[in-house]
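Hey, can you work out the whole structure from these sequences and the hints?
Protein chains: 2
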Amino acid sequence: MQTSPPPTAQQLAAFSSFAQTLADRVRPLSRQWFRHPLSVDTKADESPVTQADREVEAALREAIASQYPDHGIFGEEFGASHAEAEWVWSLDPIDGTRAFISGNPLWGTLLALLHRGRPVLGLIDIPMLAERWLGAAGSPARLNGEPCRVSACTGLQHATLYATSPDIFEGADMAAFEALTRSVRMRRYGGDCYSYGLLASGHVDLVVEAGLQPYDYLALMPVIEGAGGVITDWSGQPLGLESQGRVIAAATPQLHREAMRVLGAATT
Amino acid sequence: MQTSPPPTAQQLAAFSSFAQTLADRVRPLSRQWFRHPLSVDTKADESPVTQADREVEAALREAIASQYPDHGIFGEEFGASHAEAEWVWSLDPIDGTRAFISGNPLWGTLLALLHRGRPVLGLIDIPMLAERWLGAAGSPARLNGEPCRVSACTGLQHATLYATSPDIFEGADMAAFEALTRSVRMRRYGGDCYSYGLLASGHVDLVVEAGLQPYDYLALMPVIEGAGGVITDWSGQPLGLESQGRVIAAATPQLHREAMRVLGAATT
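Each protein sequence line maps, in turn, to chains A and B.
Numbering of the first sequence is given in the working numbering, commencing with residue 17 and proceeding in unit increments.
Numbering of the second sequence is given in the working numbering, commencing with residue 17 and proceeding in unit increments.
Simulated from the structure, these hints should not be mistaken for lab results.
All clues stand as given, with none of them false.
Residues from chain B shown here face chain A by an in silico Cβ test under 8 Å; the list is partial:
| id | residue |
| --- | --- |
| 1 | Gly119 |
| 2 | Pro121 |
| 3 | Leu145 |
| 4 | Thr176 |
| 5 | Pro182 |
| 6 | Gly207 |
| 7 | Leu214 |
| 8 | Ser217 |
| 9 | Val220 |
Which stretches of chain B does chain A cover? Using the computed rule of at least three CB atoms under 8 Å from a CB of chain A, they are:
| id | region |
| --- | --- |
| 10 | 105 to 118 |
| 11 | 193 to 204 |
From the three backbone atoms N, C-alpha and C, an ideal C-beta is built for every residue, glycine too.
Next up, the structure:
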């Protein structure tokens, strides 16, 4: 890819505003399907998908293509189009489909905007709770328009750790996760993308997961980083389209380092 | 205890109305502490407790003592008073304190009214979601005033199973729970009392837990039963003050029987 200047604050402000318009547009769509009878199909990776996932993603794609026809799109349900474009949107219409189909309101819509492969804008929308985290490179992250900030937690022994489910870890990853949770103050399950919002707002100190897809984590990155936190893969490398889906998000660099050390010691 | 006629519909209607007044009164109190700095103490059983738990229970006790001075009260934080009374209230001011202190909105206030030891009225209030399930003997359970009903699920292979966390199971109970979850369609963690509300409304088919206290489950019973479901201990016995905290709640008698069979086979 050719090098190009980073996005300007003006571009990011315009795209942030557009991302909010997108989220506003699809909120009623996903809300209307929640707790209504839906046929649930199973995808190749055994994850569930519903008509709600497909309708929300279709609406998002249509709105993006209409406003920015030269932008690429990479979505959970309908794949990639113009993936080589300078600007590419990553879409997860319903993150937490298992929560969604069991009447649990802790699911969300995830939008990220990538500039030459790097996420510069992320949005986590929780339709049933009317909570929305927005992060854009160079600006503080916001929850419903108000700046939010991670906690000051630096030690594992004081940390509250969230993960969606122990079922996301396999083999050595499970052993590493277990080792980590033995050193924290409290671990809780459930949440999908909501856990990362709680981290960005300082309520949770650490989120550690595995088996995530790019559309699951790209939107989280600008939010966590804009709130002052750290998010990487389990070896401390930046997350990207090629990452293997092992995500660690921490309130502080110290906590991030400590968690990586425990995970690393358990897997080597 | 002397025998006495069961409560009349008129009595239950009056107590249901009073229970709603109680929940209305303390909703703003618990909401105001949510996501605000709180010092967290640790109780003898290692569970966390906060000023919010104590303030909410104190407000509930004061309102009950003022309206019904001859009723007994049994609360999570301040113990029993008049436990020998014909009518006794069971109170859990904040069920899901771990969710509460980590900014997760899926916690609730639980109220039950026992008549000679048997729960005849139960209320599950979820302050942050403004959702309230109410059950009273002989009436259909209601969510925010509208009748609700469990699902028609009769087979484990179709069932969605919830539990608060795998960490609530110890020893043989953990093995039994694992055996059960291998036979269901989907398992999810997180939720505390909210899982039972989702069961009463037909979104979740099965909730299986261990280590619960009476104030955790007494309020759930009239709600689950009023919604057409079944709730007992793991051997099918009615839950009471002396139960050992192993709870199974199911949408249908068939599902309840199947789940008990798998749990029993794994523990014997």
